[in-house]
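**Student:** Just so you know, the sequences run in chain order A and B.
Letter by letter, the first sequence follows residues 1 to 366 of the working numbering.
Letter by letter, the second sequence follows residues 1 to 366 of the working numbering.
Hint data in this document are derived by calculation from the structure and do not stem from the laboratory.
Treat the hints with care, since some could be wrong.
The list treats identical chains as interchangeable, and a pair is accepted whether it falls inside one copy or across any two copies.
Derived lysine-lysine pairs resembling DSSO-like cross-links, with alpha carbons at most 27 Å apart [what the hints assert, rightly or not]:
| # | residue 1 | residue 2 |
| --- | --- | --- |
| 1 | Lys330 | Lys159 |
| 2 | Lys330 | Lys214 |
| 3 | Lys297 | Lys330 |
| 4 | Lys66 | Lys297 |
| 5 | Lys159 | Lys297 |
| 6 | Lys214 | Lys297 |
| 7 | Lys159 | Lys214 |
| 8 | Lys66 | Lys214 |
| 9 | Lys66 | Lys330 |
Quantities reported herein were computed from a predicted structural model and do not represent experimental measurements.
Residue strings, one per chain:
There are 2 protein chains.
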Amino acid sequence: MHSAAPDMVQLRFDEIEALCRSVLRNHGLSRDHVEAVTRTILAAERDECASHGVYRLIVCAATLAKGAVVPDAVPEIDDPAPAIVRVDARGGYAQLAFERALPLLVEKARTSGIAALAINNCVHFAALWPEVEAVVDHGLVALACTPSHAWVAPAGGSKGLFGTNPLAFGWPRPGPFPFVFDFATSAVARGEIELHRRAGTPIPIGWAVDEDGKPTIDPAAALEGAMLTFGGHKGSALAAMIELIAGPLIGDLTSAESMEADAGRGGSPLGGELIVAIDPRGFLGQNVAHHLERAEKLFEGMTAQGARLPSSRRFAARQRSLARGGVCIKRSLLEDLERLRIAIQPNGASIEGEGSVNQAAPDSVT
Amino acid sequence: MHSAAPDMVQLRFDEIEALCRSVLRNHGLSRDHVEAVTRTILAAERDECASHGVYRLIVCAATLAKGAVVPDAVPEIDDPAPAIVRVDARGGYAQLAFERALPLLVEKARTSGIAALAINNCVHFAALWPEVEAVVDHGLVALACTPSHAWVAPAGGSKGLFGTNPLAFGWPRPGPFPFVFDFATSAVARGEIELHRRAGTPIPIGWAVDEDGKPTIDPAAALEGAMLTFGGHKGSALAAMIELIAGPLIGDLTSAESMEADAGRGGSPLGGELIVAIDPRGFLGQNVAHHLERAEKLFEGMTAQGARLPSSRRFAARQRSLARGGVCIKRSLLEDLERLRIAIQPNGASIEGEGSVNQAAPDSVT
Chain A
1 MHSAAPDMVQ LRFDEIEALC RSVLRNHGLS RDHVEAVTRT ILAAERDECA
51 SHGVYRLIVC AATLAKGAVV PDAVPEIDDP APAIVRVDAR GGYAQLAFER
101 ALPLLVEKAR TSGIAALAIN NCVHFAALWP EVEAVVDHGL VALACTPSHA
151 WVAPAGGSKG LFGTNPLAFG WPRPGPFPFV FDFATSAVAR GEIELHRRAG
201 TPIPIGWAVD EDGKPTIDPA AALEGAMLTF GGHKGSALAA MIELIAGPLI
251 GDLTSAESME ADAGRGGSPL GGELIVAIDP RGFLGQNVAH HLERAEKLFE
301 GMTAQGARLP SSRRFAARQR SLARGGVCIK RSLLEDLERL RIAIQPNGAS
351 IEGEGSVNQA APDSVT
Chain B
1 MHSAAPDMVQ LRFDEIEALC RSVLRNHGLS RDHVEAVTRT ILAAERDECA
51 SHGVYRLIVC AATLAKGAVV PDAVPEIDDP APAIVRVDAR GGYAQLAFER
101 ALPLLVEKAR TSGIAALAIN NCVHFAALWP EVEAVVDHGL VALACTPSHA
151 WVAPAGGSKG LFGTNPLAFG WPRPGPFPFV FDFATSAVAR GEIELHRRAG
201 TPIPIGWAVD EDGKPTIDPA AALEGAMLTF GGHKGSALAA MIELIAGPLI
251 GDLTSAESME ADAGRGGSPL GGELIVAIDP RGFLGQNVAH HLERAEKLFE
301 GMTAQGARLP SSRRFAARQR SLARGGVCIK RSLLEDLERL RIAIQPNGAS
351 IEGEGSVNQA APDSVT
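Just chain A, same shape as in the assembly:
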């Protein structure tokens, strides 16, 4: 552990891992879950997605303390149709269920050309890009989405019904990084409004409405009211699609049902996630390399005119982190986390409020 800027601390990757493991184990999470969650948190921290990095340990600790996640759930894989995989997370975190089901999803996509994985009955706290990238690592095209809690009003409405419903997509590329995007279908992440509330600064019109359905610039009124989707009725249509295909289609909760199930505990969203994997060879046979090369021209056409590829900031951060073998985190956050690795907190909710780290990164889901 070395000091960087006065309020920042530099940690090696193995130190981050050790921190994750001790906090999570200390809060009763079983060994396999600890490893899967640690991998996700480390990936986010490495990519400088502060909102999904070690900060999430505070959220996980609180969720575990509340009993809002099953700490030792053993995922159960089901094989209901040739191109479908279901994995029942049995109330545990999504990560382990995903890791366990991934090999079968990959196998089915390769055999059938396209396949879908439903993760059911899981607790979400992470972004979707780690899962999309894990699928793309196998040379497949990936699409993932999930509902959350009913915080977002449909276009033309004023009451929370949809979740922040992220959609993520990944495409394999020859270089070190795939083409990946992962965005909430809400205008902004919920944490972004929360940050404005803490800072006492107004939010832009278009992010949310108040309890009476009127546009508001008051973040507190926005959190009491409803968030809005991005892109008006089109973003709203996408959010509805995600409710349907990662909800009833896979036999799992809508965002409204997730919120109802949470019953005011303030836990992470519950429910399902849909991941679709497509093998380019299913369409292209032996011509995959040729057509992937054509896709590169599309990316060149974007960057040549100054448009940034989605996730490029994240990949730049990854390169920096990998080069120095670690990351920098806020000293105050590390101090909070050090306390969490020592003793089980009786009420995680009170700790959550003390977190001083930026909750709102561009890839933030909720």
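On the provided structure of chain A, position chain B as indicated by the hints.
**Tutor:** For chain B alone, kept in the frame of chain A given last:
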């Protein structure tokens, strides 16, 4: 044929069909294509989507006259993987290729749980909702997308690279109408800007940039420059995804390649289309009815707070048209079409300019 408003003419469905058939046959389209295209045009006219109704006969006639579509192409179906169908439209209109390949797509979705259809090497002129609805009619969930011509700049750029790249989705419902959306990932349909140019009215900021990449309210400058995506970088990411999955993934053209292939002829976009079909039974087995019922609660949650379901205006129009057994079209348009049914036009392009019908409906693709 009965008169309605002075400038409108009421036509029965069989009269619309006869009109379509005679215009299309008269321009050399083979019988099977005539029937498939007629069904699509009739469906659009019935739903009061003026831009994709009989007005499109003028566009088709021009495209046929230019030789920009193969009038007697025989679609060729390929079965490359258990959950993949490809149909080579061989330069013909997409409709017939889709109709021919649909049964195999449905069969594969039912067997595998999820399946994908690539239409390759086709000419597009219609919206995507007819195809999505045709899949949904089989009790399946459907997703469809296609590139077009490179008119739309990526977020952060200023040059046309993406097409208007529509995305359509359909979900089966117990009543007469499914849940369907079909929107361009550009801020507006291209025809909408064209309409403003004809009317000499400014366009809103956010629709397009001029040739120098500057925001413009001048529709002529916008048509020379580049359109913008809806929803900023998120809409742009979606447009890129559609370029990839309905372009290189299926071995077909990107919007930039389509425009290049058109070589300034002003023809309809060429290339491919991707349609994904999911059988809810693949995930839900015998519990489909129960979970589809839960989806109805989502729709109730939307309408109860005054939010309109996507396509509800179109479905209301369909009910009206079906009740009266026909539609109303502009007299001036009918006169143009009557001329097209009599003699082959030596140059369809000149006729196109005379069309006085509204080109820009909400579902308009280009």
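**Student:** Against each hint, give a clear statement of whether it holds in the structure.
**Tutor:** Now the hints, each set against the structure:
For a Cα distance limit of 27 Å, the shortest separation of Lys330 from Lys159 qualifies neither inside one copy, at 36 Å, nor across copies, at 41 Å. For a Cα distance limit of 27 Å, the shortest separation of Lys330 from Lys214 qualifies neither inside one copy, at 37 Å, nor across copies, at 40 Å. Proximity of Lys297 to Lys330 under the C-alpha cut-off of 27 Å is found in neither arrangement, the shortest distances being 40 Å within a copy and 44 Å between copies. Proximity of Lys66 and Lys297 under a CA criterion of 27 Å is satisfied in neither setting, with 50 Å inside one chain copy and 29 Å between copies.
In this assembly of identical chains, Lys159 and Lys297 lie within 27 Å of each other by CA distance solely across copies; the values are 15 Å between and 43 Å within a copy. Only between protomers do Lys214 and Lys297 lie at most 27 Å apart by alpha-carbon distance; the minimum there is 25 Å, versus 45 Å within a single protomer. Only within a single protomer do Lys159 and Lys214 lie at most 27 Å apart by alpha-carbon distance; the minimum there is 11 Å, versus 37 Å between protomers. Taking the shortest alpha-carbon separations for Lys66 and Lys214, neither the intra-copy value of 34 Å nor the inter-copy value of 53 Å comes in at or below 27 Å.
In this assembly of identical chains, the alpha carbons of Lys66 and Lys330 lie at most 27 Å apart only when taken from the same copy (26 Å versus 65 Å across copies).
The structure is inconsistent with the numbered hints 1, 2, 3, 4, 8, although it conforms to all the rest.
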